[in-house]
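S.K.: The primary structure of each chain is shown beneath.
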Amino acid sequence: MLTRVAYRGDASEVKQGPNVTLGIHNWASRDDGEIIADRGGLLAHAGSVISPTGNSLHGLRLALETASATTELDGAFAVAWVDNDGARLRLLRDPFGVRSLYYFTGKDAVYFASELKQLLAVPDCSREIDLSAIHKYLTFSFVPGEAVPIRGVKRVLPGNIATFEELGPPKTKAYFVLEEKEQEAFRDRTTAVEALREVAKAAVTHRVAHGEPVALYLSGGLDSSAMAVWLKSRGTDTTLLTLDFGAHSIERAEAELVAKTVGQKHLLVPMNGGDLGPKVPELAGMLDLPFGDIVTGPQMMLGLAARAQGLKHVLNGEGGDQLFGGWTNKPMIAAEIFGGIASASNADESREETYLRSYHRFYGAEDALYTDSFREAVGGPGQRRAHLAPYLSAEGGKSFLSRVRLADIALKGSQNILPRAERIAAGLGLTVSVPLFDRKLAELSFHLPAEMKLNGACEKFVLKIAMQGRLPEDIIWRKKAGMSVPMTDWLAGPLRDVMEEYVGDRAVAARGWFRKDHVAKLREGNDRPGETRKRRIGEKVWALIMLEAWVRHVVEGKAS
Amino acid sequence: MKCIKCQTDSKYSERSGGTCPKCRARFAFEPKSGDPFTDPAFAAAIDRVSAHDAVRFTHTNLYYELARAGRRTNAKKVVFLAIGFLGLVLGTLAAVGSGSIALLVVALAVAVSGIVLGLRAKPNPTPALTQPTFSSLLDKWSAAHGTPSKLVQRAAPASATGRKAPLAKELATYSFDRAVICDRPETVDLLLANNFHFENNCAILSVTGYPEAVFGPVLEMLRRNPKIEVYALHDASAEGHELARKLATSPEWFRGIGRVTDVGILVKHAARLRGLWSASRQTTPRAFGDLTAEENAWLSVYALELAAIRPEQVIKRLFRAMTQPGTQVTTDDGGIFFVGGSFGGSDVGTSDGGGDSFG
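As you go down the protein sequences, you meet chains A and B in turn. Numbering follows my numbering, in which position 55 of the first sequence is assigned residue number 147; successive positions increment by one, without gaps. Numbering follows my numbering, in which position 3 of the second sequence is assigned residue number 80; successive positions increment by one, without gaps.
Everything labelled a hint here was simulated from the structure, so no lab data went into it.
Quick partial rundown of chain B residues pointing at chain A, CB under 8 Å, derived from the structure:
id, residue
1, A128
2, H129
3, V132
4, A245
5, L248
6, T250
7, Y251
8, S252
9, D254
10, L269
11, N271
12, E276
13, N278
14, R301
15, K393
Derived list of chain A stretches under chain B, where covered just means 3 residues or more per stretch with a C-beta under 8 Å from a C-beta of chain B:
id, region
16, 491-505
17, 536-547
Computed from a prediction, not measured in an experiment: that's the story for all the values here. Built from N, CA and C at the ideal position, the CB exists for glycine as well.
Could you put together the complete structure from these sequences and hints?
M.R.: Below, the structure is given as structure tokens:
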């Protein structure tokens with residue numbers, strides 16, 4: 093199983109205890125995991141653990157022995173612990189799900205691993221694809237929840253502890269739950285900004301060792317620019333990496349301005365579809381699960397650029413939108429205000445349905461896309477909405493935007509942005525840190541009053557105020573541009589052959605999941621008549637390509 | 078007439094009782110009894126206006142879709158051309174039979190006149206189909222085949238706030254980046270039902286105060302954003318012509334706040350959609366200084382409703398207009414607004430307002 097993740101390190105260690113074998117593969121030169129056997133049992137952890145007390149091992153032990161919710165552990169880790177009798181196994185994931193943990197129950201043992209491909213190497217493990225998980229992927233562009241698209245395999249959810257005391261399903265418990273607790277003191281702007289600066293700097297400090305050179309993916313937007321400021325303020329030698337889409341670049345000039353402001357080394361990383369095409373099999377293998385967002389290719393290119401610079405640790409500014417009320421909240425507000433006023437006769441939709449539509453993939457296009465056999469196999473209605481109900485429909489005095497933010501953090505953050513970034517980095521031998529997804533920072537964001545996040549129409553208000561005087565005004569106050577990956581153009585040009593290979597007529601017919609005519613229409617650049625944004629066609633086709641690439645290169649083990 | 082359920086073609090005598098002889102499905106219409114449409118023709122109009130069941134449409138959109146079908150079969154053109162060709166054939170035969178050159182000359186004159194008049198004949202300015210006739214046709218259709226699935230329905234006033242009432246205090250503290258202000262509530266319904274507000278993160282209101290349940294708080298939200306981008310969407314009408322100016326200059330709307338852009342149908346764009354015009358609602362015709370005498374004369378008699386443009390086109394053109402800068406206009410009292418080009422493209426002007434191709 094360890095050889096399947098050879099890219100995760102240069103050293104392997106295996107230890108056995110009563111009824112258990114634990115193994116780890118990591119980098120000997122980095123503090124990124126170990127196996128410890130002592131009077132408390134046998135404990136293996138992969139990744140980095142942050143403990144406010146400074147004694148992370150003690151914090152881990154406490155959490156594992158008591159399955160306690162009081163622990164303040166943070167970081168990016170996957171942990172397994174077995175007690176001295178070998179009678180109890182506990183699996184623990186970090187609060188936001190940077191690292192992953194999968195498991196299945198075989199004939200006479202529970203198998204677990206930090207990557208799905210390791211479990212697929214176990215003869216007992218099924219290779220049957222669970223189409224209900226694929227159905228969810230087609231809505232979200234990632235697979236949410238405990239189930240993964242291999243029948244019988246599940247994963248521990250972020251911020252959860254799973255306890256196995258016999259063969260069969262574990263008992264799971266959340267040790268980390270974000271709750272809205274607005275504090276009056278933070279209505280004072282200065283107090284709120286000072287608290288943010290202090291906690292954010294600590295989040296960076298906890299993740300970057302003193303004197304360690306790092307790379308930062310700098311888009312030119314507010315979040316990654318703020319990260320550049322905080323890294324600079326603690327004197328970290330930072331190489332700033334910005335994607336260069338040539339004529340399609342929309343934030344390159346802003347990134348250059350930020351780099352000049354913080355006075356750090358800045359490199360533009362050329363990005364075009366032609367370079368990405370041959371890397372699709374490798375990318376799908378790294379990702380381990382299907383991830384359909386178009387940013388994965390560009391992230392891989394950034395990782396390659398960091399590695400070429402001899403750097404081992406990369407950071408990004410992901411998380412600002414989810415924590416501090418980014419633009420993604422706005423369509424939900426519009427839908428909440430205008431929902432139910434006018435609709436077609438059969439189309440009054442719930443908050444959950446609106447949220448599902450916000451992913452802009454195939455939600456609502458099932459009739460056009462799915463073959464009859466696929467539709468029959470995906471199961472009944474309500475599966476996708478069920479992932480959202482705990483957040484969006486929950487009562488208990490939570491504000492509307494808090495609910496949306498909780499859903500964003502739990503789904504977009506913990507099950508998409510973080511795991512995919514970690515896997516791409518790890519696949520290239522890098523360690524990734526995402527300081528904005530910090531436990532204390534997230535808790536602070538839920539203690540801040542709503543107007544410190546979305547203030548009128550101004551997004552991430554407190555973060556903008558915190559950056560005043562540290563970044564140019566234009567960087568702080570300009571409108572969000574987002575990463576403009578010209579995927580639709582690439583698919584019509586340099587990625588056309590890749591598109592034909594993975595989602596051409598023959599491939600689609602052979603898989604049998606999708607209607608050839610609909611996929612052909614998408615390939616030709618046509619979508620539903622009311623679609624106003626051309627880029628969404630490329631996003632949909634790319635999601636289908638990455639799904640087929642995952643089946644071929646991860647499940648079926650085919651080489652490119 | 079063909080049955081739209083089983084496609085069986087039946088003669089009048091075979092469909093006694095108004096049902097298909099094969100599958101027994103009910104027909105909505107009977108052309109032999111004076112209905113102006115067959116079931117397949119009505120179904121085809123629904124299919125076109127909904128872009129093959131993908132886009133939601135209002136009653137008025139469907140009315141104009143059916144009117145557009147009548148516009149294509151321009152009766153005057155057909156009559157004149159028929160006279161021309163008949164004159165040519167019959168006159169030539171008669172002249173050859175009688176050997177009369179004079180008869181041949183007369184026949185050719187009738188033929189040429191008929192053909193020239195036929196080719197130049199313009200459709201009537203307004204649709205032959207009346208709104209009351211359309212309403213009864215739609216009722217008949219719905220009784221036989223059910224309400225069209227993409228037909229926009231407005232919620233009853235009691236439940237018009239949807240999931241909650243009134244607008245949550247928390248939401249009212251936020252604002253929007255942009256807003257579409259329409260001259261008609263029906264246009265608001267069309268955009269909301271097609272999720273334009275969600276897709277484009279914008280508020281949608283009518284200048285008349287619709288939707289009533291949220292109008293006041295939403296207008297307050299909009300006015301709170303000093304950079305609000307406002308798009309005025311309207312008919313080619315006297316009221317529509319005034320809309321952007323009113324939004325930009327009225328202290329109750331956006332005077333001194335943000336930027337207003339006119340993205341509605343301009344009078345100069347209406348000419349080519351003759352046949353789909355409606356009567357002007359002006360009681361006292363006004364002369365607008367920025368319009369030509371011909372345009373003012375047209376406005377005093379006619380209007381062109383936005384609903385005459387297919388919904389798919391409206392959505393795409395509005396989106397495009399919102400992403401392009403307009404031309405600045407300064408009003409007499411110092412207000413500033415911009416004129417965009419949403420409905421000025423050649424593809425609407427040269428076609429019948431329902432073209433499907435879009436760059």
